[in-house]
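S.K.: Take the sequence shown: its position 205, counted from the start at 1, is 205 in full-length UniProt numbering, and no numbers get skipped.
Because the hints were derived from the structure by calculation, they are not lab data.
Since no wrong hints were added, every one of them can be taken at face value.
Simulated pairs of lysine-lysine, DSS-like, Cα-Cα distance not exceeding 27 Å: (1) Lys172 with Lys253; (2) Lys189 with Lys253; (3) Lys211 with Lys46; (4) Lys239 with Lys179; (5) Lys147 with Lys114; (6) Lys253 with Lys239; (7) Lys46 with Lys176; (8) Lys33 with Lys46; (9) Lys179 with Lys114; (10) Lys147 with Lys33; (11) Lys239 with Lys211; (12) Lys176 with Lys239; (13) Lys198 with Lys172; (14) Lys239 with Lys189; (15) Lys211 with Lys199; (16) Lys172 with Lys189; (17) Lys239 with Lys172; (18) Lys46 with Lys179; (19) Lys179 with Lys198; (20) Lys91 with Lys46; (21) Lys253 with Lys176; (22) Lys199 with Lys189; (23) Lys176 with Lys114; (24) Lys211 with Lys198; (25) Lys253 with Lys114; (26) Lys199 with Lys253.
Ranges between beta-carbon positions, derived for each pair: (27) Glu243 with Glu215: 24 to 34 Å; (28) Asp168 with Asn202: 16 to 26 Å; (29) Glu148 with Asp224: 38 to 48 Å; (30) Lys114 with Asn204: 34 to 44 Å; (31) Asp168 with Asn254: 17 to 27 Å.
Predicted, not measured: the structure shown is a model, and the values here were computed from it.
For glycine and all other residues, C-beta sits at the position ideal for the given N, C-alpha and C.
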Amino acid sequence: MLDLRTVTVMRYILPLREGGSLPALAEADDDFKYVLKFRGAGHGVKMLISELLGGKITEALGLQIPELVFVNLDVDFGRTEADEEIQDLLKFSEGLNLGLHYLSESIAYDPSVKIDPLLASKIVWLDAFITNIDRTFRNTNLLMWHKELWVIDNGASFYFHHSWQNFDAAAKTPFKYVKDHVLLPQATKLDEADQFAKKVLNENIFRDMVKLIPEDWLHWNDADESPEEIREIYFNFLKTRLEHSEIFLNEAKNARG
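Let the hints inform the model, and build the full structure from the sequences given.
M.R.: The structure is reproduced here in structure tokens:
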């Protein structure tokens with residue numbers, strides 16, 4: 001059974017101005033620092049769901065990713081914050097958010113650095129599977145830490161949930177954005193990555209993953225479904241996409257060619 005620890009923010013350290021989601025560096029009650037993703041930012045709880053599901057799939061594939069935790073933000077937190085934009089963000093993010101363990105002294109991945117072809121292929125496969133549009137040469141969302149490549153920021157994944165329709169068709173899309181993936185030129189073992197993924201991912205894992213989504217994140221104004229029905233849609237998306245992985249796999253191979 002998959003699980004996440006829950007921590008409470010004790011100190012807001014500084015905003016991280018990358019991207020539109022205004023993440024922040026914060027310290028929690030376990031004395032660790034986290035990159036905090038807020039429910040009150042940009043795409044709200046859907047971005048948090050992308051981070052959660054994308055992160056757990058990253059883990060299941062054996063790729064390096066900072067520990068994910070649920071993060072409580074107290075109702076009074078941020079009232080003394082001088083920056084009005086940040087104060088509003090904190091106010092609208094009261095409750096349960098998501099954090100990734102902060103990798104101190106990590107550096108952004110340099111695309112000119114060669115990495116293991118199978119590792120590159122697994123990351124390309126991951127992003128084509130979860131439809132992550134944001135791992136490009138302009139914004140790699142990869143870190144080097146302790147001489148290893150770490151995957152961060154899966155918040156731009158599962159973009160089908162922004163239109164919230166034609167779920168079966170969305171699961172069978174080829175993912176045309178793979179052509180922009182920063183690691184595609186090095187991904188020479190896509191077939192091997194696909195075979196590996198199909199050995200480690202399955203319906204039981206997907207079921208456990210969608211159960212992790214807090215009910216608090218599943219009350220949407222733009223959907224008629226109940227929280228349990230929304231979880232079932234995510235589950236069926238993952239199940240169907242894995243069953244038809246040749247669709248996005250061939251797109252990636254053609255983009256390489």
